[in-house]
Amino acid sequence: GQSLEQPSEVTAVEGAIVQINCTYQTSGFYGLSWYQQHDGGAPTFLSYNALDGLEETGRFSSFLSRSDSYGYLLLQELQMKDSASYFCAVRDPGRDYKLSFGAGTTVTVRA
Amino acid sequence: DTGVSQNPRHKITKRGQNVTFRCDPISEHNRLYWYRQTLGQGPEFLTYFQNEAQLEKSRLLSDRFSAERPKGSFSTLEIQRTEQGDSAMYLCASSLDSRDPFFGQGTRLTVV
Chain L
1 GQSLEQPSEV TAVEGAIVQI NCTYQTSGFY GLSWYQQHDG GAPTFLSYNA
51 LDGLEETGRF SSFLSRSDSY GYLLLQELQM KDSASYFCAV RDPGRDYKLS
101 FGAGTTVTVR A
Chain D
1 DTGVSQNPRH KITKRGQNVT FRCDPISEHN RLYWYRQTLG QGPEFLTYFQ
51 NEAQLEKSRL LSDRFSAERP KGSFSTLEIQ RTEQGDSAMY LCASSLDSRD
101 PFFGQGTRLT VV
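As given, the protein sequences belong to chains L and D, one line each in that order. According to our numbering, the first sequence holds residues 1 to 111 in order. According to our numbering, the second sequence holds residues 1 to 112 in order.
In isolation and in its complexed conformation, chain D is listed as follows (with noise of 0.2 Å):
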């Protein structure tokens, strides 16, 4: 296992449109989480899974994000009608527990 793995690296997406996002966590982590990290600062907590459950949502989600982890392995984040505010690093990471989690190289998105 490789660690946690994001996809796309990049995506360049035009206001208005759909985007979603993957990602593969480490394979006997059963939480995992999506952060939202702007230039120059830290990463901000969106949401949390455990096993295929969703936990809890930041405030920060709005109704355009919606996020799922289907049987409990990889995870998706879809944002609709993005906004250039959307524009963002998207984190995704994953933990045994409550350990501290191992993040991924995230989705750098840029909203035109």
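Excised from the complex, chain L in its bound form (with noise of 0.2 Å):
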């Protein structure tokens, strides 16, 4: 099976940078992908690593390092929409369908 593991929360104020770390243990290993969900909402695609390295969107940025199982959601200049919970997941190996989260990061922006 899949296990990912991620903080439970990170507090921060507006216009800060907060780092979530998502460590993983799998079987095989088909890219790291992170999610935002805010309260009562839907899970929202934030973006995905298949190779190491940073990949830029916007104020998001996401690492990723295979040799460590290991990978990081960068949020920067922080806004009060912010807030919200931020989950890692990957694929099963050999069923590209299934996702298997982590239990998410609980994100809380003050003024």
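Keep in mind the hints are simulated off the structure, nothing from the lab. Accuracy of the hints is not assured; some may be wrong.
Restricting the straight-line Cα-Cα distance to at most 25 Å, the calculated cross-link-like pairs of lysine-lysine (BS3-like) are [unchecked claim]:
| hint | chain 1 | residue 1 | chain 2 | residue 2 |
| --- | --- | --- | --- | --- |
| 1 | D | Lys57 | L | Lys98 |
| 2 | L | Lys98 | D | Lys71 |
| 3 | D | Lys71 | D | Lys57 |
| 4 | D | Lys57 | D | Lys11 |
Mind assembling these two chains? They're in different frames, but the hints should get you there.
In structure tokens, the structure reads:
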């Protein structure tokens, strides 16, 4: 099976930078995805890393190190609307349709 | 197209009753998924359709659960003889092939 670990909570002030780490244990690896979910809302796809390195999309960046089984999501210039839960997820080897999610990190942005 | 649509958004039912949820995926998406999410956890995979064919069911999906996707369009998830442990958010998602899926807002089920 797949196992993912991420911190349960992070609190920061507006304008700050937050890094959400995700470590995973999988029997195979097909990339690391990140989703955002506001309270009561749908999980929304943020980014996907299949290869090592940094992917930047606006204020959000995602990093992957396959040799360390580790990735992170970087949230820059935090805004109040970034308060949400963030999930890392991996695909099952040989079953590209199945995502296994971490338990999520709740980010709280304070004024 | 406004994304993945799920109905109802909320459902309260008595233990032992049957419930059915509907999901309308993004129209050009050939894959459809059902996930379940409980408080403080990430979504857990339940089942997957490629067009109208149900290709996998998780062990989480007991015999009381059944899902259909007639004609490869909308899907329904039925839970028979509901139990309190079935209380959760049921999320539907769709994708074009193996691209990252788009999720609906879910149906929150409360079994009393």
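Inset, instruction - Tell me, in ascending order, the numbers of any earlier hints that this structure violates. - result: none
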